[in-house]
Amino acid sequence: MKYPRIEIAGVNAMMVYFADHPSEALTQRIMAVAQLVQLQFSDALINFAPSYVTLLVIVDHEKLSPHDAKKLLAQCIDTSIEEVQIQSKTHTLPVLYTKDYCPDLSRAAQQCGISIETLIQQHTSRAYHVYALGFAPGFAYLGELDECLRLPRLETPRKKVPAGAVAIAESQTAVYPMDSPGGWHILGLCPLPLFNLNSTPSTPFSVGDYVQFEAVSEAQFLQLGGELTLVEDCSS
Amino acid sequence: MSPITILKPGVLSTIQDEGRLGVLHEGITESGSMDRWSARCANELCLNSHLDAVIEVTLGGLECRVESSIAIAVTGGFATLQINGEFAEMWRSHVLHEGDIIQLGFCQHGARLYLAVSGGIQISPILNSRSTTPNWGIGGLSGRALAIGDTLACSPPHDYNVRRISVRHRPGFSNEVNLPVLPCSQYDYLTEEQRSTFFTTLYKVDERCDRMGYRLIGESVQPPSANLYSEGLVCGAIQLPPDGQPFILMRDHQSIGGYPKMGSVLESGIDQLSQCVTGTRIQFSPQTHSQALQINNDYLHRLENIPILIDAQN
Chain D
208 MKYPRIEIAG
218 VNAMMVYFAD
228 HPSEALTQRI
238 MAVAQLVQLQ
248 FSDALINFAP
258 SYVTLLVIVD
268 HEKLSPHDAK
278 KLLAQCIDTS
288 IEEVQIQSKT
298 HTLPVLYTKD
308 YCPDLSRAAQ
318 QCGISIETLI
328 QQHTSRAYHV
338 YALGFAPGFA
348 YLGELDECLR
358 LPRLETPRKK
368 VPAGAVAIAE
378 SQTAVYPMDS
388 PGGWHILGLC
398 PLPLFNLNST
408 PSTPFSVGDY
418 VQFEAVSEAQ
428 FLQLGGELTL
438 VEDCSS
Chain U
-6 MSPITILKPG
4 VLSTIQDEGR
14 LGVLHEGITE
24 SGSMDRWSAR
34 CANELCLNSH
44 LDAVIEVTLG
54 GLECRVESSI
64 AIAVTGGFAT
74 LQINGEFAEM
84 WRSHVLHEGD
94 IIQLGFCQHG
104 ARLYLAVSGG
114 IQISPILNSR
124 STTPNWGIGG
134 LSGRALAIGD
144 TLACSPPHDY
154 NVRRISVRHR
164 PGFSNEVNLP
174 VLPCSQYDYL
184 TEEQRSTFFT
194 TLYKVDERCD
204 RMGYRLIGES
214 VQPPSANLYS
224 EGLVCGAIQL
234 PPDGQPFILM
244 RDHQSIGGYP
254 KMGSVLESGI
264 DQLSQCVTGT
274 RIQFSPQTHS
284 QALQINNDYL
294 HRLENIPILI
304 DAQN
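Taken in order, these protein sequences are the chains called D and U.
Count along the first sequence from 1, add 207, and you get the number used in the working numbering.
No gaps in the numbering here: position 193 of the second sequence is 186 in the working numbering, and each next residue is one more.
A portion of the hints provided could be inaccurate.
What the hints assert, rightly or not - As a list, the in silico SDA-like pairs of lysine to any residue whose alpha-carbon atoms are at most 25 Å apart:
(1) D:K270 to U:E200
(2) D:K277 to D:R236
(3) D:K270 to U:Y182
(4) D:K278 to U:Q284
(5) D:K306 to D:E425
(6) D:K367 to U:L302
(7) D:K277 to U:G136
(8) D:K296 to D:K306
(9) D:K270 to U:S283
(10) D:K270 to U:E185
(11) D:K367 to D:P411
(12) D:K278 to U:E200
(13) D:K209 to D:D250
(14) D:K306 to D:Q242
(15) D:K278 to U:Y252
(16) D:K306 to D:E421
(17) D:K209 to D:K306
(18) D:K278 to U:H282
(19) D:K277 to U:N298
(20) D:K277 to U:F71
(21) D:K209 to U:P118
(22) D:K367 to D:S332
(23) D:K367 to U:H282
(24) D:K270 to U:Q287
(25) D:K367 to D:K278
(26) D:K277 to U:P279
(27) D:K366 to U:Q247
Keep in mind that the hints were calculated from the coordinates and are not lab data.
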């Protein structure tokens, strides 16, 4: 199939497909186009959503006709990436890896066939790329995990995962920004608030950023304002 | 003093406006009134802007007390409205005074009622909107549904005229609804037979039908496993999960998702579906892109020109 290509995604929505598979370079490209789209569409842009290999653009057709919108989007895609400055931030997130509060930690290590110490070392060994934001407000899909940490999702998702839970599933990792249901393995807790409605933007993460996890002690965790929350066990 | 006190919140009553824009990329959904047509009518009757916030009452059961003079209007599904125990007309404005009690019965037809008040419900906007997304605790009154004892601010009546909307501009209710669909997204992945199955099946609204989405039950349309990376979602998108039972995304939908989609229900269809309850039968009719644009334009045009009948009063 030809890439990039624009497809109709709704009566006022277009989806740009950029490639078959995601990569860090592709994310940069998608964010460069997203930035141009914001600039060029201005108040005719209702919403946009970048993701792994796509960019969704929702347009107010009272301000911009479907024909003109498609033409403008094609122009944004054709603009060379060098002409757009993408600022990727790196966020360092402290994590209390704790089997006392996160019963999945020992089980995950066991399933991976490694010690808890090795698991922590592996999880903190690289900066992860933000491939997409979604599922819940401010929920960042981070990747990719080292092969040795890849586990299938939990068979039965938890009804409640506490805000701050640091989790892994398949090739991805994430921090739950707020209490929500979830089917990932919880390894630890992050003491920092990651979603704030009163700030703009409401989440520190943007697609294309990097996240580095850093192991901290319980004392440091508490000092950083963390609250020790027991993650309910769901072993069955 | 705030002019409205909630005495009974009913099943689920939330503050909504036309939704929040421009934050989907932060993972935050639009929300907003499910049946935008009825919400607009309620605002028009109170001489409000279409951007003003209303109370969306799911199924019914809301009761509130008026603490100072205001105008109100109730629209949406077919239910009873009582003011101080006397039956009162929906789809018209009423000027109420201190001590008056508003009671909404349960919908006999439809699923959602809209209560507008003069000046709109005045709360601080969050992310440029007063809409509530109760699942994520965002917007409205502390991010939650209305509860007993909540007090809400609004303005005195703009005037004392009685305004009405005639029956022909109100939503119709039927056990069988036909929704216009724009085939798009992963529609090309479906076989000719699957497309024909989808458009000839009379689906039924499942018990799982809420502000996030409506699940339908009927002939299954199982998409080929496409191994789709999660992509941005629009309100109205028709997802095909692995069980092949269509799931239509509504105002509180997730921002991205990985299920294949075979099309999108048009804006007018979202409003219609919002008034459907469990068991309502749904059929879809495919539209070309230009037909879909025309239907949508016409709908938006009608939405901006809802005729109001005015009886001048002393």
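**Prompt:** Taking 25 Å as the top limit, are the C-alpha atoms of K209 of chain D and D250 of chain D close enough?
**Reply:** Answer violated: K209 of chain D to D250 of chain D is near 30 Å, above 25 Å.
**Message:** Would the hint linking K367 of chain D and P411 of chain D be met if the CA-CA limit is 25 Å?
**Reply:** holds (23 Å)
**Item:** Restraint status (C-alpha distance of K306 of chain D to Q242 of chain D at most 25 Å)
**Value:** Violated: K306 of chain D and Q242 of chain D sit about 42 Å apart, past 25 Å.
**Message:** Between the alpha carbons of K277 of chain D and R236 of chain D, is the straight-line distance 25 Å or under?
**Reply:** holds (18 Å)
**Hint consistency between K367 of chain D and L302 of chain U [alpha-carbon to alpha-carbon, up to 25 Å]** = Not satisfied, since the Cα-Cα distance of roughly 50 Å exceeds 25 Å.
**Straight-line alpha-carbon gap K270 of chain D to E200 of chain U, limit 25 Å** = violated (39 Å)
**Message:** Against the 25 Å threshold, does the CA-CA distance of K209 of chain D and K306 of chain D hold or violate the hint?
**Reply:** violated (48 Å)
**Message:** For a C-alpha distance cap of 25 Å, please report whether K277 of chain D and G136 of chain U respect it.
**Reply:** violated (37 Å)
**Request:** Would you check the hint for K278 of chain D and Y252 of chain U, treating anything up to 25 Å between C-alpha atoms as holding?
**Result:** Violated, because 28 Å separates the two Cα atoms, which is more than 25 Å.
**Prompt:** Would the pair K277 of chain D and P279 of chain U pass a check requiring their Cα atoms to be no farther apart than 25 Å?
**Reply:** This hinted pair holds, its Cα atoms lying about 22 Å apart.
**Pairwise hint evaluation, H282 of chain U against K278 of chain D, where the allowed Cα distance is 25 Å at most** = With a Cα-Cα distance of about 16 Å, the restraint between K278 of chain D and H282 of chain U holds, given a limit of 25 Å.
**Request:** Below or equal to 25 Å on CA atoms is what counts here, so check K278 of chain D against Q284 of chain U.
**Result:** holds (20 Å)
Hints 1, 3, 6, 7, 8, 10, 12, 13, 14, 15, 17, 19, 20, 21, 22, 23, 25, counting from the list given before, are not met by this structure.
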